[in-house]
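**Student:** Order-wise, the sequence lines are chains A and B.
In the working numbering, each residue carries its 1-based index in the first sequence increased by 995.
In the working numbering, each residue carries its 1-based index in the second sequence increased by 38.
In short, the hints are calculated from the structure, not lab data.
Using N, Cα and C, we set each Cβ at its ideal position, and we do this for glycine too.
Incorrect hints may have been included.
Label pairs and their computed distance ranges (CB to CB) [what the hints assert, rightly or not]:
#, chain 1, residue 1, chain 2, residue 2, range
1, B, Thr250, A, Val1088, 45 to 55 Å
2, B, Asp127, A, Glu1224, 51 to 61 Å
3, B, Gly166, A, Leu1212, 32 to 42 Å
4, B, Gln318, A, Asp1216, 52 to 62 Å
5, A, Arg1156, B, Lys255, 24 to 34 Å
6, B, Gly166, A, Thr1002, 28 to 38 Å
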Amino acid sequence: MEKYNLTYQSLGEEVLLIEWPSQIEASVLFDILSFQKVIEERLGSQIEEIQNTYVTLAIFFNPDKISYPTLVSKIKDCRSQSSGRSSFLKSTVWEIPVCYGLQFGIDLEAMSVEKKLSIEQIIALHSENIYTVYFTGFLPGFLYLGGLNEKLYMPRKQIPRAVIPKGAVAIGGSQTGIYPQVSPGGWNIIGNTPVPMFQVKEAQPCKIQAGDKIKFLPISDVEHKELIEKIKARTFELKQHPYALN
Amino acid sequence: MHSIEVLSAGLLSTIQDSGRKHFRKYGVPVSGAMDKYSADLANVLLNNPDGTNVLEITLQGPTLQFNCNTCIAVTGADLSPKINDVSTDRNKVVEVRKGDILSFGKLLSGCRTYLAIKGGFEVDVVLGSTSYYPGICENILKKEMLISVQEHKLNVALNSSVKIDTENFSSDLIAVKKGPEFERLTPTQQELLFENSFLISPQNNRMGYQLTGNPIKLENTDMLTSITIPGTVQLTPAGNPIVLMRDCQTTGGYPRILQLTEKGINHLAQKKTSDHIRFQLI
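Just chain A, with the same shape it has in the complex (with noise of 0.2 Å):
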């Protein structure tokens, strides 16, 4: 399958870049997605590492192991053999409760008058689109998510702010994403999730990855509180639903 034109390059001397065409697209993703899959199967014995963004596929190498030029052609035949086909790719819907409140969402009331629609509206937008995880990067567990309502466009702050709270969740242009950690950023808050994105603990220190779906869940103030308590106290688990994918 050949659907998009790749174009192969080297960054430094131990990485290789796979583009596709540049557009946010999630059958661009599953393409890329699709094809990591087989080099992993085929190839990941003699590479170091593997690395998607939007629509790169990054290739770490060591090059005393495997040489550019013969990385590049055993990553060309493995693409013949891939078929584009994202079936075998499991997803899952994950569901991440998040407090709207505006203790929290401190941007929502200048959003609200900025676009023209009540604190409500802005929430039930938000909460009611299933978003796609694109890739990982920024920050640890930083998550590139698709699929906001264009309603909710808002550009970035003049004048980042220089600290803003671990579980932020934020409108910054055309994505929305959550603070994995206290960071400075020049995102819209529009509310807060007590989820840890992020686990150094844990030997998969991120649950969501790449493909998955995630849906946020308003909650209340109380049901915060109770949130951090339970998370504290270890009682808590992300919910995750299957999810069909076209």
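Starting from the structure of chain A, add chain B where the hints point.
**Tutor:** Chain B only, in chain A's frame:
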């Protein structure tokens, strides 16, 4: 327990090894010694295995007391190392005895000094690495902390010393290759990029070095967030390059105009605020 006691911590003294690999897909930076050339050299001197951790010392040194006999090697920037207030050798194996105090003085060259110890520092391993990175692994020196180390007999082969690549510290030329978005620069901008001298701004740290010079503004700065690695040179919309270093984000959205070679990264790691550099295409 054999240990080193931290009498004072210095400005930024962190444990670093060859880095935290295989977790990029979770957004975890690679980290590791900024100047791997100097860190490796210190380990080679002590006959430590490849990738043994070292202490990376930045601009101002800590004061450390050894509570056992062992051997150390100090490499990288010349921070006037002293044992019990007497100058000691750099780039050579040095014996230390129980009770000895290692301290540092004036910075005479470079930016980062490396201290390796026979057998390495026995500190927390997080996601396969001991390298400090805030929020992931807290292996950073603090006053009064004790760091476990191994005791080693003295009078081992002490005479080994090595020839140092002085260019790593003296030259202002940083070796680069073209980056994925290099062709977005006009031919004139490409020339400027290699002719210009850039000033290292005060915004320089383990994550990246912001450079200032004659701004080079791209017509087209649009791009989707993509892969970044240590040594990637991004061009901001204002036209100033940022060189990403070992603690850099795993992804970024600015055009990647150049990519430093591994040697180039080690070299830049020894530059500090107000130093000038030029890029050299290899």
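**Student:** Look at each hint and say if it fits the structure.
**Tutor:** Hint-by-hint comparison with the structure:
no., hint, verdict
1, B:Thr250 to A:Val1088: 45 to 55 Å, "holds, 47 Å"
2, B:Asp127 to A:Glu1224: 51 to 61 Å, "holds, 57 Å"
3, B:Gly166 to A:Leu1212: 32 to 42 Å, "holds, 34 Å"
4, B:Gln318 to A:Asp1216: 52 to 62 Å, "holds, 58 Å"
5, A:Arg1156 to B:Lys255: 24 to 34 Å, "holds, 27 Å"
6, B:Gly166 to A:Thr1002: 28 to 38 Å, "holds, 32 Å"
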